[in-house]
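> These are the residues of each chain, in order.
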Amino acid sequence: MAKQQSREQGITLRGSADIVAEFFSYGINSILYQRGIYPPETFTRAQQYGLTLLVTADPELQRYLCSVVDQLKDWLYKCSVQRLVVVISSIESNEVLERWQFDIECDKTAKDESAPRDKSQKAIQDEIRSVIRQITATVTFLPLLETSCAFDLLIYTDKDLVVPEKWEESGPQFIANSEEVRLRSFTTTIHKVNSIVAYKKDSFP
Amino acid sequence: MENLEDNTTVFSTLRSLNNFISQRMEGTSGLATPESSQNTLHMQYQQRIQLEEQAGQIHSKSQLLQVEREKMQMELSHKRARIELEKAANTNARNYEHEADRNQELLTRIKQYQEREVEAENKLKEQIEMNKSYKKSMETMSKKLQEKESKLAEANETISMLEGRISELKWSLMNQEMQTASQESQREELMEQLDVQHKKWQEASQQVQTLQASQTLMAEYEQKIKDLEQKLSLQEQDAAIVKNMKAELARFPKMERELRQLREENVYFREMKENNGLLKEEVEGLQRKLERYEKVQASLVALELENEKLLGKLKSWEKLDQSTGLNIRSPDDFSKQIVALQQRELALKEQNTNITNSARILEKARQQLQEEVLRIQNQLLDEKKKREQHEALVRRLQKRVLLLTKERDGMRAILESYDSELTPSEHSPQLSRRMREAEEMVQKVHAHNTEMEAQLSQVVEEVGNQKQRADMLEAELKFLKSQTCTADQSLFVTQEEVNTLRLKIEELEAERGRLEEENKCLEMKLEKLTLQGDYDPSKTKVLHFSMNPASLAKQQRKEEQQQLQEECERLRELVRVLEGGGSISNNPEGVGSLQSPQEIAELKKQVESAELKNQRLKEVFQTKIQEFRKVCYTLTGYQIDITTENQYRLTSIYAEHQGDCLLFKASSSSGGKMQLLETEFSRTVRELIDLHLLHQDSIPAFLSAVTLDLFSRQTVA
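These protein sequences, in sequence, are chains A and B. Residue 71 in this note's numbering sits at position 71 of the first sequence, with consecutive numbering throughout. Residue 577 in this note's numbering sits at position 577 of the second sequence, with consecutive numbering throughout.
In case anyone wonders, no lab produced these hints; they're calculated from the structure. Heads up, a few of these hints could be off.
Now the stretches of chain A that chain B is said to cover, found in silico as 3 or more residues with beta-carbon under 8 angstroms [what the hints assert, rightly or not]:
1) 90-101
2) 151-157
Just a sample of chain A residues kept apart from chain B, beta carbon distances all over 12 angstroms, derived [to be verified]:
3) 14
4) 45
5) 126
6) 133
7) 134
8) 142
9) 166
10) 170
11) 187
The beta-carbon is built from N, C-alpha and C at its ideal position, and this holds for glycine as well.
Take these sequences, add in the hints, and give me the full structure.
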C-alpha cells in the first residue's frame, strides 16, 4: 500500500513516487496474470483503484517484485528513471515476444521542499484505473503466447546513475518484427507515465 | 442519725405551734359573728371591729413578741443546730474523705480483682480447654482401652484356642513321631529296593546305549545304501550320457567339417562386411559430393543469371558508348571521363567565379554610371526648369515692356492732348520738365530692358551650355551603353554557366527536398524505434535485476538440457557397448556406468556359485522329497501322486491290481476340502464310502477302512 498523502490535496515528490511505484506493482502483476506467465491459481484477489486486481501469492516472485519496486521508488524519487519495460520472452528460444513499455517523464524541477502540486488523489487514481483496464483489455488483440514464457523487468535510467548491488546492465531486448499499440497515460503532475505495448507480428498474415 | 431526729423534733414543735395559733384565730372569729345585729349592730360591729382590730393589733403585737421570742429561740436552736450540723458536716466530710479513700482503695482493689478475674477467666478457659482435650484424650484412651480390652479378650480366646491346638498338635506330634519311626523303617526297606533298582537301571542304560549305537550304525548303513542307489542311478544316467556322447562323437567329424565351412563363410562375410562399410562410406562421400555439386550447380545457375544480367549491363554500357559517342569502353574509362568532366567542371567553376566577379564589377560600374546619368538628367531637368523660369520671366518682362510702352504712349497722348489744349507757351517749361522726366523714365525703362535682355541672353547662353553638357552626357551615355553591350556579350558567355549553375542549384534543391523527406522518414523511424523501446545509449543505460525470473528460467532450462544431454550421451555409450559386445546384456543394471571386466568376471563367478548352490539345493530337495514320499508310503500305506492341478491319486500298498487307485480333488487351492472322484476301484468299495464318507464324513477313516479291507483280502488270499 502507498503511503497516503499527509494532506488530502496536493501531490509531493515522494507521494508521486509512491503512487507511480504502486501503479507499477499492480500493473506488472496484472500483466503477469493476463498473459498467463504464471499459473492463475498462484494469484489472489486484491481491491485497488476501485477494481478487483489479481496479485501473485508466489513468495519468490513477490520478493523479486518487491525489491524491484522499492529500487524503482528510490529512482523515481530521484527522477533518474526514464522507462520501465516488462519483457516477455520464450524460455525455449529466448525470443522476445512482448514488450510492455512505460515511458516515465519526470518533472525534474520538483523538489522535496517545493510546494505540493494541485491534483487530487482521486483524479490520479481514475487515470491509473483506466490504464489498468486497458492492460486487461489488450488480451483481446494480443497474439496467444504458445510457448512457456518468462518475464524480465528492464529499467532505463540516466547514464550517470551508479548501478546498485544485484543489478546489472542489460540489452534493450527488442522485438525483431513488432507492432506497437499506444495505451493511455496518466500523470501525477510530477511523473507522467505513457504506456505502450509492442508485440511480435504474426509471421503468417 | 441522731442529728436527723433532732431536726424533726424542731420541725414538729414549730408545726404544733402554728396549729395552735390558727385555732385561736378561728375561735375568736366564731364568737364574734352571733352577737351582731342591724344598725346598732353595725356600729357595734364597727366598734367591735375596731376593738377587734385593736385586739388583733395587740394580739398581733403580742404574737409578734411571741414570734420574736420564738424566733430568737429558733435562731438559737438554729445556731445550735447549725453548729451541730457543721460538726456533723465536718465529721461527714471527714467520713466522706475517708470513704472516698476507701472507695479509691476499693476501686483499685476492684481493678486488681478484675484483672485477677480476667486472668482467672483466662486460666479457667485454658483449664476448660485443657479439660476438654483431657476429656478427648480420655475418651480416645478409653476407646483404645476398650479396643485393647476387646483385643485382649480376643487374644485370650485365641490363646485358649491355641492351647487347644497345642494340645492337639502335641497329640499329632506324638502320632507323627510314631509314624516317622515306622516310615524310617519303611525307608530303609525302600532304600534297599532302590539300590536294587539302581543296579537294574544301570544295566538297562548300558543296553540302551548299545542299542543306540546299533541304531546309528543302522542309519549309517541305510544312508550308505541310499548313496549307493543314487550312485547306481547316476551311473545309469552316465551310461546313457556316454551313449549319447558316443553318438555325438560319431557326429563330431561331420560337425568339424561344417565348422570349417562356416568359418570360411564367416571370413568371407567379414570381408564382405568390410567391403560393405567401405562402400557405404564411399556412397556417403559421393552423396556429399553430389550435394556439393548440386549446390555448385545451383550457384552456377545463379551465376549464369548474374552473368546475363551483367552482360545486359555491359551492353547497356556499350550502347551508352554508342549513343554518347564518347570513348567509354569500360567503367574505368567512364570514371576517367567523369574525373575529366569533374576537372573541367572545376575549371569552369573557377572561370565562372572569375566571370561572375568581373560581371559584378561591371555591374557596379554600370550602376555608378547610371547613377551619374540620373544625376545629370536631374541637373538637366533643373536647368530646363530654370530656363523655363527665365523664359517666363522674359515673357513677363516683355509684357511689362509692352505695358510700359503703351503707358508711355498713353502718357504721350495725354501730354500731347494737354499740349494741344494749352498753349504751348504757358506751360512749356512745366511740360518740358515733365517731358524730361518722362524721357528719363523711359530711358530708365530702356536701361532696365536692356539689362533684362542681357540677362536673358545670359540665361540663353547658359541653357546652351547646359544643352551642350547634356549632349556630352548623352554621348557619354551612348558610349557607356556601347560598353555595356560589350559587357553583355561577355555576360552571354557566362549566362550559359549561370544556367548550368542554376540547374545545379535546382538539382541541389531537389536533393535537399529528398533529404528532408529522408529526414522525416528517419524521424518517423526514430519514433517507431522509441515505441519499440530504442534509446539513446549516450544518455541512457538499461538496468535489470540480475536474478530476474527470465534468466532464472533460462538457467534452469540450460541445466536441464545439460543433464538430459549427459544422460543421452551415457545411454548412447551403453547402446554402443551393447551392440559391440552384448556381454553386459545379462546385467540388468546396464544403465549405470560400464563395469570393468574384472567386475564382470566376479559377477559371473557369483552367478555360477549361486547356480551351483541352487543345483545342490535342488538335489537335496529331491532326495528329501523322495524320502518323505517313501516314509508316507510305508506309514500310511498310500502312495500319493499329483496327476493334475488339485487332483491327487492314492494307490494303496495292498492294491490287488496296478491300476487300483482313488482320486481326490481339492475343492479349494489351499486344500481345505477334498472330494472323492469316481474311479473303477472306488465302485468296488461303495459300502465303505457310504459308511465313512457319507455318514461319518471322515476321509482318514475311509482310507484306513480300505487299507484294512485290502490287507485282510491279501492275508486271506
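> Which of the listed hints are not met by the structure?
9 and 10
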